[in-house]
Amino acid sequence: MNPKPQASTGSASNGNPLGASRALAQLLTAGVDVGTGAVKAVVVGFDKSGAPQVVAAHRERIHRRELSTVAKLAFEGALAEAGCKRSDIAYVASTGEGESLDFLDGHFYGMTTHARGASFLVPEARAVMDCGALHARVMIVDEKSRVLRSRMTSQCAAGTGQFLENIARYLGIRADEVGPLSLSAKRAEQCSGICAVLSETDVINMVSRGVATGEILRGVHESIAQRLVRLLRALGAEGTVVLTGGLAADTGLKGAIERGLAADKGVPLRVVAPPLSAWAGAIGAALWGEVRRRRLEQQQAAAATG
Amino acid sequence: MSAEQELERLLDRCERIYGDVALEEVKAWKAAHPGRPAIGHLPVYVPREVIHAAGALPVALQGGGDQVDIVRGDACFQSYICHLPRSTVELGLQGELDLLEGLVFPSTCDVIRNLSGIWQLLFQGKYVRYLDLPQALNDTGGLFYLEDLEGLMNDVAARANQKPDKAAVAASIRLYNRNRRALQLLYELRAEAPQLVAADEAFLVARAGGQMEVSAHSDLVETFVSLARKRNRRKEDRIRVVAIGAFCEQPPLGLLRTLERSGCYVVDDDLNLGARWIQGDVEPGDFPLKALSKAYLVQSTWASVRFEDEQFRGDQLVARVKALRADGVIFAAPSFCDPALLDQPPLQKALTDANLPFISFKYAENTGQFQGFREQAGTFSDSLKLWGTT
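Chains as they are written, first to last, in the numbering used here: chain A, 12 to 317; chain B, 41 to 430.
Source of the hints: derived by calculation from the structure; they are not laboratory data.
Each residue gets a CB set at the ideal place from its N, CA and C atoms; glycine is no exception.
Do not take every clue at face value.
[Stated by the list, open to error] Some chain A residues judged to face chain B by a derived CB distance under 8 Å, without partners named: (1) 123; (2) 302; (3) 305.
With these hints in hand, go ahead and build the complete structure from the sequences.
The structure is reproduced here in C-alpha cells:
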C-alpha cells in the first residue's frame, strides 16, 4: 500500500533508504498533508548541524473514511516507520485540508508547503506543479522557497487525479498501471480537455470502438498536460519544474507534459518528479514546522530574560 | 452532563437562533408575554434599554444571511449597495417579520435610511421610527438625542399600553450593563486564550442576544464563558489577528470558520458591535434617559458609522492591535458597505505607519465560496509566521 520512497537530504540524487539516519537525528518534526484522495505523513529528522532528512513517509488512502481518522492513521504510520512516538516530535504541522486535526502544533497553507517540499527535494526548482486529486496548481518559487506567483486550474475536474482514477476504473486497470501503459502507446486517442464529464463519455465511446487502452490513456494524459503546460507558460516558468502531489508518480503524465513543452517551442524546461514528490506537501510542513519551533523557542527565551 | 456537552447544547441553541429567519424565539417570548410588543431594529446601534423599559422586546434584525433567496427585495434597491436591505425587505414581504409591531432604523448609513423609507411605503400602518443618532458630540447633540430617545420611549410604551417610567429605564440600563459586562468577559477570554473560544462560537453566543430577553442572554453568555474556561484545548501556533469591518451586515459563519482554520486566531472583531457599543457601565442616576444620551456622547466605541477624526480612528485601531498583541489586521467588509470601505484607506495608512501588516477582502451575507478567503488568510498567516516578526 505504501510504496517505499527513497530518503532525501535535499538532493534529488540521494538514495539512502528511509529510516537509515533516524539514530543520527537530534530533533524530529512531522508533516501531515491531508489531500482529497489520500493523507501523506512524514517524519523529518535534523542532525547536529540542522540538516534535515526524511526518515519516514507514510500514505493512507481516504476511501470514504472519516478524514480525521485517516489522518491519525497516516501520522501514526509515519511515527511507527520512524520508530518514535508523538512526544518525540518537536512540532507537528498539517497542510492541505488538515487544519482541524487535534494533534497539531500548527498549520501551513498548501502553496507554502509544496513550494518548500519541492525546493528541499530539488534545490534548483524554480517552478512547482502540484497535481492532486481535485486541483492542479503551478507556483513560481525563488531560491528560498517563497512563492512568487501562482495559478490554479479552473473548477472542472478534467485535469486531476480523481478524474484519472475514474478513467482507470472504466478501463479496468490499476492506478499504478496508468503511467507505463500510456508511455508504451505509439499514438494518442484525442479526448475533450475541457470537461471531465465529456472526457469520460469520450473514453466510454473509445472502449466500445475497441481503441487500445494505452492509446486512450495517452490521449487523456495529453489533454491534461495541455492545461498544465498552459499554466506553466502563463506564469513564465523557467529552469526546473518539480511535479508534486499524488499525480507526480504518474510517469505517463510527466511524459505528456514533457512532450507538450517540447511541442510549443517555448523556453525549455526540465520536468522532474523525485520519488518523494507525493510527500512534498508533508515534507514542506515538517520543514517549516522546524522553522517555527526555533522561532518560538527564541521568543520564549527572549521573554524569559525580560 | 459534562462541560463540553453543556457547551455543545448552548452552541446548538445559538446556531438555531442564528439560522432562524422566522424568529421562533421571539414568537415564544410573545406567547409568554401576551400583549407586549416586539420591536425590531436594524444595525448598528440602537439603545435597546429604551425599548426594553417601554415594555417591548428589542429584536436585532441581521438580514437573511444565506437562508433567503432574494426575489422581490432586489426590485427595491440599485445593484451597487450591500445585501442586508434586500434580504430584510425579502423577509418582510415573505411575512417573516409580521410578528414585529414596529421597526427602528438607526442612522447607520444612507442605505439604512433609504430602507426606512421603503419600509414605510411597503408596510403602511406599521410603526417605523428613524433614530437620528447625533454626529455633533456635544451638549447640543446630546439634547437633540435625548428628545429622540423620549420620542422612541413614548411611542413604544404606547404600543405596550404602558406609561413611560423613569424607574423602568434605570432598571433596564442595569440589565444591559450586566449584558455588556458578560460580553466583555467573552471577548477578554478570547483575547487571553483564543483556543478556548473560536471566533464563530463567540459570534453565535453574542448574536443570540438579538432575539431574547436581556437577562436570559446575560445568563447564557456568563454560563458559556464559565464552561469555556474549563475546556482543555491545546493552543496552536497561529497568528493573532483583529478583524475589522463587519459591524453591520454580518459575514456567513463559514467565513469566520475559514479564517480561523487558515492559521489565524481572531482575538477581536467588530461583529455584533451594537451590543457592545457603550463602553463600561452606564450610571442611570436620577435622569436615566439623559444618562443614556450622555453615554452615547462619551462612552461610545469608535466605529466607521460615527463621526470622528480619521486620525483618531486610525490611532484607536493601532492601540487596540498593540494592546491585544495581535500580529495583524484583516479588513473583512461587506461589498458596497460605504462606511467600512471608505474608512479602510485611513485605517490602513495608520497600520502601515505603525508597521502592522494587514489584508483585506469583501464578502456578502450570503457568500458561499470561501476558497479565496482561505488562500488569502492562509498565505497571510504563513508569511507572518515564516518571514514576519511573529
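To see whether the hints hold, each was checked on the structure:
Checking residue 123 of chain A against chain B by beta carbon gives a least distance of about 4 Å; that is within 8 Å, so the hint holds. Interface restraint check: residue 302 of chain A against chain B, minimum CB-CB distance 6 Å, threshold 8 Å, status holds. With its C-beta approaching chain B no nearer than about 11 Å, residue 305 of chain A sits outside the 8 Å limit, and its interface hint is violated.
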